[in-house]
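*Asks:* Residue numbers (my numbering), protein chains in the order written: chain A, 118 to 381; chain B, 744 to 865.
Since the hints were made in silico from the structure, they are not lab data. The C-beta atom is built at its ideal place from N, Cα and C for all residues, glycine as well. Heads up, some of the hints might be wrong.
Said to hold, decoys possible - With a straight-line Cα cutoff of 20 Å, these simulated SDA-like cross-link-like pairs (lysine to any residue) come out: (1) A:Lys290 - B:Glu765; (2) A:Lys347 - A:Asn329; (3) B:Lys847 - A:Leu269.
Said to hold, decoys possible - Label pairs and their in silico Cβ distance ranges: (4) A:Ala247 - B:Lys758: 27 to 35 Å; (5) B:Arg762 - A:Gly159: 49 to 57 Å; (6) B:Lys808 - A:Arg318: 17 to 25 Å; (7) B:Lys758 - A:Gln272: 28 to 36 Å; (8) B:Ala864 - A:Lys361: 18 to 26 Å; (9) B:Arg762 - A:Arg306: 40 to 48 Å; (10) B:Gly862 - A:Ser294: 23 to 31 Å; (11) A:Ala214 - B:Gly862: 52 to 60 Å; (12) A:Ala198 - B:Gln797: 30 to 38 Å.
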Amino acid sequence: MISAADRAFLSDLCRTRAGLQIDPEKAYLVDSRLGPVARREGYATPEVFIEFLRAGADDRMAWAAVEAMALPETDFFRDRAVFHHLVDEILPELARAREGQPVRVWSTACGTGQEVHSLAMLLAETPGLAGKVELYASDLSERSLEKAQSGLYSQFEVQRGLPARMLVRHFEKRGESFALSPRIRQMVRWRRVNLLDDLARFGQFELVLCRNMLGQLAAEARVQVHARLKSALAPGGRMVLGLKDEAFDLTPVAPETGVFALAA
Amino acid sequence: MKTCLVVDDSRVIRKVSRRILEDLGFEVAEAGDGVEAMAWCTAVMPDVILLDWQMPVMDGLQFLKRLRGEPGGDRPKVVFCSVENDLDKIREALDAGADEYIMKPFDGSIVAGKLDLLGMAA
Chain A
118 MISAADRAFL SDLCRTRAGL QIDPEKAYLV DSRLGPVARR EGYATPEVFI
168 EFLRAGADDR MAWAAVEAMA LPETDFFRDR AVFHHLVDEI LPELARAREG
218 QPVRVWSTAC GTGQEVHSLA MLLAETPGLA GKVELYASDL SERSLEKAQS
268 GLYSQFEVQR GLPARMLVRH FEKRGESFAL SPRIRQMVRW RRVNLLDDLA
318 RFGQFELVLC RNMLGQLAAE ARVQVHARLK SALAPGGRMV LGLKDEAFDL
368 TPVAPETGVF ALAA
Chain B
744 MKTCLVVDDS RVIRKVSRRI LEDLGFEVAE AGDGVEAMAW CTAVMPDVIL
794 LDWQMPVMDG LQFLKRLRGE PGGDRPKVVF CSVENDLDKI REALDAGADE
844 YIMKPFDGSI VAGKLDLLGM AA
């Protein structure tokens, strides 16, 4: 079991680099998430890995540790009603307002891609929105992004939230895994982004999805990230939060599906 | 209370499925093949059927096609539950009238999620 001092070091590292709130008392979480990373990087135990991190020499290793602790839990169509509301009402409204220009959608903490791929599959099945929506997705974790971009999911993963009819329509079998069709994968543009960084260079978006991530951040980081994401919202745009996320000063549009707008 | 008929020739799978479904609040009945399952459905049509594919006497696909042809046979939500994970086979099951499909091995969270997709939370 990792010592209290080492857990505190790790907690501090995660907060400093990514604003993550890691409870140092949750020793089981640290052990279970850091162990695989330590072994992958060639360290016999998490304790030896942390000792190396304390020496401060390797930035890549430090990020590997932070990304492991930020592991998102994600399914296809998590809170299913949200996706249908976006495709049936919100995106058509935004498309009309854009008058021929594409609606830009940003999935800001995309993890292994299930959220943005769910949206892509629904869009592919909605002729009225064909060619009207551009999908962008980002995450802090390089490893999560690699997996998301590959579109390769396990048998277990494609059974969580994904209707069987969509599985047969949008995937092909590849060995024991399931590969999302190239048509769907090509609908998304990917980038590694730390939401604590300056986001202005990415431009503005008509729809920003930030679901079930803000709660993982330390209080100060939560305020900072929320402010940065508001700046990334185009005039008249919408932000979609998780159903239990704090809305700060946003104006509810459809709080039952987590949809908010900037205060007037 | 909603009812679920578990149709599988494996006693172990039926036992595991029963435990999962009872935890989800279903009243559970069991059948070991398609013929037994048809007898159950003729007596009392269940709300949900968890259906294996490869079974002796009458397999899952034959049972499903027979069921959907019966009066009231379009009512139960049918979830295929099989080791068969080829997408063409899954498509075949859905085209024959299955509402959802679970690939074995499965756990309670997958069963719960599929039933939720069908609006069949107990």
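*Asks:* Broken hints, numbered, in rising order?
*Replies:* 1, 4, 5, 6, 7, 11
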